[in-house]
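There are 2 protein chains.
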Amino acid sequence: MNKDAITRYPINEAARKRWSPRAFRDQPVEPEKLISLFEAARWAASGGNVQPWRFIVGLRPDATWTRIFEALDQGNQEWNKNVPVLMVAVGARISPFDGKVSPVFQYDTGQAVSSLSIEAIHQGLHVHQMGGFSGEKIHAAFEIPDDYLAIAVIACGYMGDPENLSEKLKKREFLPRTRKPLEEFVFSGKFGEAMEMVKW
Amino acid sequence: MNKDAITRYPINEAARKRWSPRAFRDQPVEPEKLISLFEAARWAASGGNVQPWRFIVGLRPDATWTRIFEALDQGNQEWNKNVPVLMVAVGARISPFDGKVSPVFQYDTGQAVSSLSIEAIHQGLHVHQMGGFSGEKIHAAFEIPDDYLAIAVIACGYMGDPENLSEKLKKREFLPRTRKPLEEFVFSGKFGEAMEMVKW
Chain D
230 MNKDAITRYP INEAARKRWS PRAFRDQPVE PEKLISLFEA ARWAASGGNV
280 QPWRFIVGLR PDATWTRIFE ALDQGNQEWN KNVPVLMVAV GARISPFDGK
330 VSPVFQYDTG QAVSSLSIEA IHQGLHVHQM GGFSGEKIHA AFEIPDDYLA
380 IAVIACGYMG DPENLSEKLK KREFLPRTRK PLEEFVFSGK FGEAMEMVKW
Chain V
230 MNKDAITRYP INEAARKRWS PRAFRDQPVE PEKLISLFEA ARWAASGGNV
280 QPWRFIVGLR PDATWTRIFE ALDQGNQEWN KNVPVLMVAV GARISPFDGK
330 VSPVFQYDTG QAVSSLSIEA IHQGLHVHQM GGFSGEKIHA AFEIPDDYLA
380 IAVIACGYMG DPENLSEKLK KREFLPRTRK PLEEFVFSGK FGEAMEMVKW
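Read top to bottom, the protein sequences are chains D and V. So the first sequence is numbered by our numbering: it starts at 230 and just counts up by one. So the second sequence is numbered by our numbering: it starts at 230 and just counts up by one.
Just so you know, the hints here were simulated from the structure itself, not pulled from any lab data. Treat the hints with care, since some could be wrong.
Capping the alpha-carbon separation at 25 Å, the derived lysine-lysine pairs in DSS-like fashion look like this [to be verified]:
#, chain 1, residue 1, chain 2, residue 2
1, V, K329, D, K232
2, D, K409, D, K419
3, V, K262, D, K419
4, V, K409, V, K246
5, D, K246, D, K399
6, D, K232, D, K399
7, D, K262, V, K232
8, D, K262, V, K409
9, D, K409, D, K310
10, D, K262, D, K310
11, D, K262, V, K419
12, D, K232, D, K329
13, D, K409, V, K262
14, D, K262, V, K310
15, V, K232, V, K409
16, D, K366, V, K419
17, V, K310, V, K399
18, D, K419, V, K310
19, V, K419, V, K232
20, V, K329, V, K232
21, D, K419, D, K399
22, V, K329, D, K329
23, D, K409, V, K409
24, D, K246, V, K329
25, D, K262, V, K366
26, V, K419, D, K310
27, D, K428, V, K262
28, V, K419, V, K409
29, D, K232, D, K400
30, D, K329, V, K409
31, D, K232, D, K419
32, D, K419, D, K310
Construct all of the structure, not just a fragment, from the sequences and the given hints.
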């Protein structure tokens with residue numbers, strides 16, 4: 230299955246090959262590979278080097294994995310049953326500089342998870358991020374303090390055989406990846422006006 | 230100058246080499262390289278594939294560049310005078326699914342910028358993100374609608390000679406890069422409890 234990003238000019242191979250499958254093998258992920266993923270997240274950029282990202286990591290079938298799985302929406306549970314690693318990406322709301330809510334804690338947490346996702350491809354793995362989960366359940370299960378926010382659940386493992394998915398999900402797995410053209414999000418002069426060089 | 234990330238297990242070269250310099254050459258960035266950066270951002274992951282990121286791009290000395298530069302804090306202006314590309318990363322607040330503020334628009338915008346930053350390294354470029362700017366000035370200068378939020382300004386170009394920086398900034402340029410150890414942000418069982426495998 231070739232789901233490579235189609236681009237006008239080349240991009241690095243990992244970014245080209247990164248996508249979010251639903252078919253995962255139940256094969257466990259080697260600890261050293263997982264640690265490389267966390268190292269990639271660790272070295273991401275953040276405002277004032279605050280590093281607001283935290284991860285709660287479950288390895289199937291441990292208690293952490295089970296509690297994350299139980300917090301997933303039913304639609305996500307369907308294809309996560311055999312995923313070997315489930316993680317929660319948590320952001321630290323409060324800036325250590327002024328004690329107020331940081332304007333970039335979510336943005337920076339996203340940067341770390343993006344870096345983790347690219348490293349996953351380098352390690353032969355894939356991740357699939359989900360917003361479909363109960364934040365309340367996650368916060369309760371792991372006693373996450375109010376100063377922190379569970380933002381996404383991340384499935385991680387080796388890509389599996391789409392034939393093992395339900396008919397509906399199998400169809401989605403084979404759909405081509407799509408994105409907005411550059412003209413719709415790269416502007417110059419005024420917000421909404423396409424930059425000349427990206428017009429194609 | 231070697232500022233490579235020091236990691237327990239290897240990570241991909243671009244993530245290892247990515248850091249945020251203040252010394253940039255005034256040499257312009259080739260359009261095809263810039264487009265590769267936007268393509269890398271374009272193919273980032275986002276919740277429901279909403280792609281909430283937008284970029285406003287100034288090429289020195291055009292009007293867009295000048296208006297972004299003028300919105301920077303004085304401390305940032307000092308080292309941005311010769312930076313060839315200044316961009317604003319903007320997030321679309323409203324989810325197209327329910328018309329409410331998206332819980333992940335900042336997170337997803339961060340993912341796209343992280344991907345752009347990694348691609349920059351592949352292109353021989355560096356980026357340096359800044360929170361030190363006037364959002365009010367940026368929103369006014371580019372007529373950014375209220376449904377969008379200017380989150381970060383991004384300097385981009387070829388790394389320059391630190392000798393051209395002020396004494397104070399030169400010192401910062403040579404400081405080693407630092408990050409929290411994995412034990413402080415990779416948890417299992419309960420929030421705040423280090424995962425066994427990351428203890429070192």
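Hint check results:
no.: 1; hint: V:K329 x D:K232; verdict: violated (31 Å)
no.: 2; hint: D:K409 x D:K419; verdict: holds (19 Å)
no.: 3; hint: V:K262 x D:K419; verdict: holds (22 Å)
no.: 4; hint: V:K409 x V:K246; verdict: holds (18 Å)
no.: 5; hint: D:K246 x D:K399; verdict: holds (19 Å)
no.: 6; hint: D:K232 x D:K399; verdict: holds (14 Å)
no.: 7; hint: D:K262 x V:K232; verdict: holds (23 Å)
no.: 8; hint: D:K262 x V:K409; verdict: holds (19 Å)
no.: 9; hint: D:K409 x D:K310; verdict: violated (32 Å)
no.: 10; hint: D:K262 x D:K310; verdict: holds (21 Å)
no.: 11; hint: D:K262 x V:K419; verdict: holds (22 Å)
no.: 12; hint: D:K232 x D:K329; verdict: violated (42 Å)
no.: 13; hint: D:K409 x V:K262; verdict: holds (19 Å)
no.: 14; hint: D:K262 x V:K310; verdict: violated (42 Å)
no.: 15; hint: V:K232 x V:K409; verdict: holds (16 Å)
no.: 16; hint: D:K366 x V:K419; verdict: holds (13 Å)
no.: 17; hint: V:K310 x V:K399; verdict: holds (16 Å)
no.: 18; hint: D:K419 x V:K310; verdict: holds (22 Å)
no.: 19; hint: V:K419 x V:K232; verdict: violated (34 Å)
no.: 20; hint: V:K329 x V:K232; verdict: violated (42 Å)
no.: 21; hint: D:K419 x D:K399; verdict: violated (42 Å)
no.: 22; hint: V:K329 x D:K329; verdict: holds (24 Å)
no.: 23; hint: D:K409 x V:K409; verdict: violated (36 Å)
no.: 24; hint: D:K246 x V:K329; verdict: violated (32 Å)
no.: 25; hint: D:K262 x V:K366; verdict: violated (44 Å)
no.: 26; hint: V:K419 x D:K310; verdict: holds (22 Å)
no.: 27; hint: D:K428 x V:K262; verdict: holds (15 Å)
no.: 28; hint: V:K419 x V:K409; verdict: holds (19 Å)
no.: 29; hint: D:K232 x D:K400; verdict: holds (14 Å)
no.: 30; hint: D:K329 x V:K409; verdict: holds (21 Å)
no.: 31; hint: D:K232 x D:K419; verdict: violated (34 Å)
no.: 32; hint: D:K419 x D:K310; verdict: violated (47 Å)
Checked against the numbered hints listed earlier, the structure breaks hints 1, 9, 12, 14, 19, 20, 21, 23, 24, 25, 31, 32; every other hint is satisfied.
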